[in-house]
Amino acid sequence: MVESTINATQAVVTLDVPIQGIVWGSIITVNMWAKSIGTGVVFLAAFLWFRHSKEDMPNLRWAMPIIAFLALNVFLLFTLIDLHQPYRMVNIFLHPHWTSSITVGAWLASIFLGLITLLLLIGVGEKFPGVPFKGCKLTKFGRNNSALYEKLMPFVLFLAIPVTTYTAIIMAQSSARELWQAPTEVMQMMWAALMAGSAALALVSGSWSREARKDLALILSIATFFSFAMYMSEYFFSFKSSEAEAVLAFVHSGGAYNIVFWIGLTLGFIIPFFIAVGNMKSDNQTLLKFAAILALVGLFIVKDVWLKIPQLLPLS
Amino acid sequence: MKLGFLVDLNLCMGCKGCEIACKVENEVPLSTWRLRVKYIDLGTFPDTRRSFTPLRCNHCESAPCERICPVSALHYLENGIVNIDSERCIGCAGCMMACPYGAIYMDPETNTADKCTYCAHRIESGMMPACVVACPVEANIFGDLEDDHSNISLYIMEHKGAVQVRKPEKHTSPTHFYVGGGNQTLNPLAHQRLEGFNLFNDITHLEHVGDKNHGILDRFLAPFVGHPELDNTSLIESATDAESHEQEGGH
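Chains as they are written, first to last, in my numbering: chain A, 26 to 341; chain B, 4 to 254.
Some hints could be false.
Some chain B residues near chain A, calculated using beta-carbon distances under 8 Å [unchecked claim]:
| id | residue |
| --- | --- |
| 1 | D44 |
| 2 | P171 |
| 3 | L192 |
| 4 | F203 |
Below, a list of computed lysine-lysine pairs in the BS3-like style, where the Cα atoms sit at most 27 Å apart [stated by the list, open to error]:
| id | chain 1 | residue 1 | chain 2 | residue 2 |
| --- | --- | --- | --- | --- |
| 5 | A | K333 | B | K170 |
| 6 | A | K265 | A | K159 |
| 7 | B | K5 | B | K170 |
| 8 | B | K5 | A | K265 |
| 9 | B | K173 | A | K265 |
| 10 | A | K333 | B | K19 |
| 11 | B | K5 | B | K215 |
| 12 | B | K5 | A | K333 |
| 13 | A | K306 | A | K162 |
So the derived list for chain B, only partly shown, Cβ under 8 Å to chain A, looks like this [as the list claims (entries may be wrong)]:
| id | residue |
| --- | --- |
| 14 | N29 |
| 15 | P32 |
| 16 | L33 |
| 17 | W36 |
| 18 | Y42 |
| 19 | T47 |
| 20 | P49 |
| 21 | G97 |
| 22 | V136 |
| 23 | P139 |
| 24 | I206 |
| 25 | E210 |
| 26 | N216 |
Honestly, the hints are just simulated from the structure, not real lab data. Quantities reported herein were computed from a predicted structural model and do not represent experimental measurements. Just so you know, even glycine gets a beta-carbon here, dropped at the ideal spot from N, CA and C.
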C-alpha cells in the first residue's frame, strides 16, 4: 500500500479500522480487454475493406462479427459477474441515471451488440447455410438480407468509437483514483482497441493476401508503439497530482506490480512491435500470430496493473 | 435547507462514542463502518501527541458517487443529504471508486453499497444524528448551513480561517467541515500505516469486498437456493484469519 509521512511530524496511524483493498480487480480487466477486442476488430475490418478488395480477406465478412460477438459477450458477462447484485442489472435499463457513464456505456454496448448480432447472422448465414441447423430461421433471415450488412457497417463503426472510449469516462468519473484522471485515457482505450483488434484478426488472417496482412502488421506496430509511448509518458511524467505521483513513486521504487508491469510491456508492446515491423517485409504468418498472442497477453497484464495500482492508495 | 456537519478536532477525545452510536443506530455489520475515529500519533518520543479524526461521508454538494451511480441508488434529499437506496443498488462499486474519501463500503449482509446518511431517518423525525447525540464533549455540530443563526453557521463564522474540508482540490464541495485539523490528520498520504503499530489489532486492510462467502456463483444462485444468513455471530466465527495473524505475532 502507498503511504508516506512528513519527517517533521512522523505521523503514524495507531488505531483505525481495516480499509478497503482492491475493489475493482481482474474481472474488470477482462471486461476492458474483451471490449477492446470486440470493438477493435470492427475498426480494423472497416479499415481493411476501405483499403482492399473483399477477395483479399475472404473470411473477414463472417470472422469479424464472430470475434466481436464472442468478445462482447465475454465483456458483458464479466460486467454482470462483477456486480454484487447481478439480477439487478436490469435497473440500468429500468432506472437509468444518465450522468453515469456506466449507464450510458451499458446502453451503447447493448445496442452495439445487437448490431453485431445482425452482422453475425448475415455473415454466418451466407457462409454456413446449415449452421446451427438446416432451416434455421435466424440465419435464413441473414441470408435473405445480405445487403443489410453494408448498410449497417457505418453505424456499427460509428458506435464502436463511444463503446471503446466510454470506459475512459468511467475512469474519469472514478475521481478517487487520480491515476485514471488523465485525458490520455481516451486515446489509450483507442490504441488498445486497435492493438487488440489487429492482434485478434492476425490470428485468422491465414487466407488473406500479403498486402492485407501487411496492413494488419502496420496497424499492430503503430498501435503497440503509441500505446507504449503513452504508458511511458503517464508512468514517468509528472501528473501534478500528489495521489497519482505517490502511486507511481511506489511502483517505480520496486513496489507491488513493478515487475509485472514491465513484463506486460515487454511481452505485449515491445516484442510485438518489432515482430510486426519485421513482418511488413518478411510476411511470416507464424511470427505474426505469435506477436498477436503476445500483444493480447501483454495488453491484459498492463491493463490489469494500471487498474489495480491506484487502488493501493488509502483514501482516508 | 442544506444540512452540514462540523467536527471540532480540538474537542474530540477519541472515545469512539460516535462510532458505536452509529453502529447501533444503523445496525452496521462487522467489518464495515459508516463512521470511524482514526488515531494518529505525531512526533517522536518524548515529544509526541495523539490526534483523533472522525471520518464519515462528506455529503458533497457535487458528489462523485451520485454522479457515477448508474441507477440513482445514490441520490440527493431536499435537505442536501446524499442518501442511498439499497433496494435499487446493483453492487457495481462505482461509488466506491468515485468517492475520494473512502466513505462508501459494500455491506456484507445485503451486498449493496452503503454509507453514512447523516441518520436521514432520524432527521425526518426531527432528531439529531446518533453520533451527535452520543458525543460527550459536543465536538459534533450539525445543522442548517443556509440558516445564519444555526449552531453550525455560528461556529463556522466564529472560526472562519480554521475551518477546513478534506481534499478541497477534488472540487466536491463537502458539507462536512473540520476545525482544528491539519494536513497530518486530514491528508491520508501524510501519515503511515505501519505493521505492528495498531493498538488493538493488526489488520490494516480488508481482504474482501462485501460478504467474503458470497462468491461469483453465489451471487447468481442465492435467489434460488438461498444463502446462509450472515449476522455478526457468523462474522465473528469466520474471523479466523485475524486469529491466525495474531498467532503469527500480530497484535
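Structure-based check of each hint:
no.: 1; hint: D44; result: 5 Å, holds
no.: 2; hint: P171; result: 13 Å, violated
no.: 3; hint: L192; result: 6 Å, holds
no.: 4; hint: F203; result: 7 Å, holds
no.: 5; hint: K333/A x K170/B; result: 22 Å, holds
no.: 6; hint: K265/A x K159/A; result: 62 Å, violated
no.: 7; hint: K5/B x K170/B; result: 20 Å, holds
no.: 8; hint: K5/B x K265/A; result: 33 Å, violated
no.: 9; hint: K173/B x K265/A; result: 13 Å, holds
no.: 10; hint: K333/A x K19/B; result: 32 Å, violated
no.: 11; hint: K5/B x K215/B; result: 37 Å, violated
no.: 12; hint: K5/B x K333/A; result: 36 Å, violated
no.: 13; hint: K306/A x K162/A; result: 46 Å, violated
no.: 14; hint: N29; result: 15 Å, violated
no.: 15; hint: P32; result: 12 Å, violated
no.: 16; hint: L33; result: 11 Å, violated
no.: 17; hint: W36; result: 5 Å, holds
no.: 18; hint: Y42; result: 4 Å, holds
no.: 19; hint: T47; result: 5 Å, holds
no.: 20; hint: P49; result: 13 Å, violated
no.: 21; hint: G97; result: 5 Å, holds
no.: 22; hint: V136; result: 22 Å, violated
no.: 23; hint: P139; result: 19 Å, violated
no.: 24; hint: I206; result: 5 Å, holds
no.: 25; hint: E210; result: 7 Å, holds
no.: 26; hint: N216; result: 13 Å, violated
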